[in-house]
Amino acid sequence: MTLLGDQFRPGTFPDALRFIWHNAGFLLARTGEHLELSFAALGIALLLSLPLGLWLGHRHRGLFLAVSVSNVGRALPSLVLIAVGLTILGVGFWNNTAALVVLAVPPILTNAYFGVDGVDRDVVEAARGMGLSELQVLLRVELPLGLPLVIAGIRIAAIFVIATATIAAVAGGGGLGEVIVNQASYGLAGVVGASLCVSALAFLTALLLTLLLRAFSRRPDPIS
Amino acid sequence: MIGVLASGGTVIPNFGQGSSCEVNNGWFCSEWVRAHWSDTLQPALLQHVELAAIAIAIGFVLASALAFAGFRFRLLDPPIGVFADFLYTIPSLALFQLLVPFTGVNETTVEIALVSYTLLILYRNMLEGLRSVPPDALEAARGSGFTRLQTLVRVELPLALPAVIAGLRIATVSTISIATVAAFVIPKGLGQPIFTALQQDVFKTEILTAGGLTVALALCADGLLVLAQRALTPWTRVGRAA
Amino acid sequence: MIRKHTRRAAKAAFAVSLGVAIVLGGTATAATQHRAAAPTIVIGTKNFTEEYVLGQLYKQALQGAGFKVTFPGSFGSSELIDTAITSGKINFYPEYTGVIVLDLAKEKSPKTAGATYTAAKKFENTRGLTLLNPTPFYDTDSFGMLTSTATKLGVKTIADMKKVKSFSFAGYPECRTRITCLLGLKQVYGLTQAKFVPLASISVYTLLDQGKVTAGDVFSTDPQLGGTKYTVLVDTKHIFGFQNVAPIVSQKVLTAAGPKFAQVVNAVSAKLTIQAMIAMNKAVAIDKQTPAAVAAAFLKANNLG
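Protein chains in written order, with my numbering: chain A, 1 to 224; chain B, 1 to 242; chain C, 1 to 305.
Just so you know, these hints were derived from the structure itself, not from any lab.
Note that this is a predicted model, so its numbers are computed, not measured.
Quick reminder that beta carbons are idealized off the backbone N, C-alpha and C, glycines included.
Among the hints, a few may not be true.
[What the hints assert, rightly or not] Straight-line Cα separation of at most 20 angstroms, DMTMM-like style, residue types lysine to aspartate or glutamate; simulated pairs: (1) C/K121 / C/E107; (2) C/K212 / A/E33; (3) C/K121 / C/D103; (4) C/K121 / C/E79; (5) C/K122 / C/E79; (6) C/K106 / C/E79; (7) C/K212 / B/E107; (8) C/K195 / C/E174; (9) C/K89 / B/E107; (10) C/K229 / B/E107; (11) C/K237 / C/D160; (12) C/K106 / A/E33; (13) C/K152 / C/E79; (14) C/K229 / C/D209; (15) C/K122 / C/E107; (16) C/K260 / C/D287; (17) C/K229 / B/E22; (18) C/K108 / C/D209.
[To be verified] Stretch by stretch, here's where chain A covers chain B in the computed footprint (C-beta under 8 angstroms, at least three residues): (19) 31-43; (20) 72-83; (21) 96-109; (22) 217-229.
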């Protein structure tokens, strides 16, 4: 395997930048589609798994579920999920959204569980002793303390979802992946350009969530 | 063979009919699986194993070197961690295509990308493992007169092993999963049958079989590593019982 | 006395050795020249069914004729496989004449199939490549729809679509700006009411089946066109251009391989009619036979294997 292939064409990068420049509106529209799909999936995944994970962690029940969901979820290849989604639901918005939800649930669920489960039991007992209801204990004590891990899980889910939304283009998902999988139409310059765009999108999202994580990691102990 | 004489004297032989399950796109046509195991599914499976194995091996070696560096020279840790995280954030398909202008459309490109994705998990876990060695164990080693190297080999590495294998499990499963995307670049691995099936009006049997094989492969690899961990670190089992 | 004998013997031995060496050397050179005269044909294809079948047809025919052939597999789109052949990674692949003229040479579409072939050949000759004979079949874009839709709308030719108030047309992204596709529909046929729906790896037929589009860009050798479920409207103004297949081969390899090489390839190409291609595409895509098996059966039935 020679490292620099006989197809070494670094000149593709200036071409790619030119493609982005000339097709800015088009790429912006694709980015919008990409975000729409990603947010929809992430939102649904949060609705489904965040409350569940938090509650299970609070009750210290379902460790096996949390770990297994994580293990199985990681073993599900994104391309397979997209293809199966297409097989079951046909072409449209929901086949890809469903596939992305399946991908996003494990990290959110698992991290929500461990985030809450790992909170110092003494602190929790103290809160209970102060007369807080179970729900109040969860929301006012455990969640704030477990937030870093919870947000870390959401961050991982967001990265997975944006990455897989790229592949969803083969199942009618549109987005920036639409360009990347259609080399025949957009040329290598277009493909590289769109790849740069989607990478930038992923970085920004990850950065935003990292900043959010840091912000919540510094919160003082609410019981003090 | 019944031939159909078309214009120009071309004979169109009877190529054989697909089974009714195949022609009507049934959920699982076992006759298709049996007929195409050796020409489609098995080669794809072997290619997939090869792609993943090379990536994990190289990733393991690289991550080990980086983890040692980060462990010995604390200042190196943040930059290495950030770089690995940076690579991890890039969507796999995008990373493949970004490498193509440099390394071409071949296995090298795919392997470089797959290795990049293993680095973050393996690096973090190995570093964590090395750092989690209890100071008492180190003290005991020093007290017994171990050299730096002996301490490393006979105390630190074995105690770091659970974390290392945990990271290896995650990296292996992820790599097997991501390697399906390699089919976008080169016609290899279990992603390729899925691709072909998508082109052929979403042929369900092929998608479900290739997909199932990928998941099975990942779970098998995970299982093997769990067994390896139990074999290599018997004291962890004793510890739990105590 | 002995020295004289030895010297004569030595001279004789030397002469004999020299003679043997010359003879052996001559045979070896002749052998190497003969071996060099039969280069390895490295065949590539693009990544869809028809190309897989074509690749197998030429590969098996050449192997049957005694040539050494390697088949590294598919290389993706025209852009990628073009790089592969110009960089020498492969030296033979089946290409569509229209694609060469429009996409690679970036020229306008000629008016006849023959002119397209000539223009394509001229272009490839400037790059050290050349074309062998074209096939009878062509694989052009076509205006396809469900037969039920065509009956309902009462249309037989593309020009008939003018009376339809509004309709959606699915196609690959580049179709939108091509005079040989959507642009041609709008400008040459005056179908300004067409709404374009871009595809991305989902088959047009899937969209037609699910009722998501009225019509779509289908290809003349699609296996689905072998039945009666779908129908193709007649392109009376020939906007879709001409797309016969002609194998691109490196000029060096062509000369080195000898006349038999071109004979074998052209013999295969001559048998490839539209019906044959549709049948072979159907066998792979719908009846799930492998391209290799289908190619083998076809070659055998036509005495080409």
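Status of each hint after checking the structure:
1. C/K121 / C/E107: It holds: about 13 angstroms lies between the C-alpha atoms, which stays within 20 angstroms.
2. C/K212 / A/E33: 19 angstroms, holds
3. C/K121 / C/D103: 14 angstroms, holds
4. C/K121 / C/E79: Roughly 17 angstroms between the alpha carbons, so the hint for C/K121 and C/E79 holds.
5. C/K122 / C/E79: 19 angstroms, holds
6. C/K106 / C/E79: Holds, because 12 angstroms separates the two Cα atoms, which is no more than 20 angstroms.
7. C/K212 / B/E107: Not OK: C/K212 and B/E107 at ~38 angstroms, beyond 20 angstroms, violated.
8. C/K195 / C/E174: With a Cα-Cα distance of about 15 angstroms, the restraint between C/K195 and C/E174 holds, given a limit of 20 angstroms.
9. C/K89 / B/E107: 15 angstroms, holds
10. C/K229 / B/E107: It is violated: about 41 angstroms lies between the C-alpha atoms, which goes past 20 angstroms.
11. C/K237 / C/D160: 12 angstroms, holds
12. C/K106 / A/E33: 31 angstroms, violated
13. C/K152 / C/E79: Answer violated: C/K152 to C/E79 is near 40 angstroms, above 20 angstroms.
14. C/K229 / C/D209: Holds: C/K229 and C/D209 sit about 10 angstroms apart, inside 20 angstroms.
15. C/K122 / C/E107: Given that 20 angstroms is the threshold and the Cα spacing comes to 12 angstroms, the pair holds.
16. C/K260 / C/D287: The hint is violated at about 34 angstroms.
17. C/K229 / B/E22: 18 angstroms, holds
18. C/K108 / C/D209: 34 angstroms, violated
19. 31-43: violated (count 0)
20. 72-83: violated (count 0)
21. 96-109: holds (count 12)
22. 217-229: Answer holds; 3 residues pass the 8 angstroms Cβ test.
In summary, the numbered hints that this structure violates are 7, 10, 12, 13, 16, 18, 19, 20.
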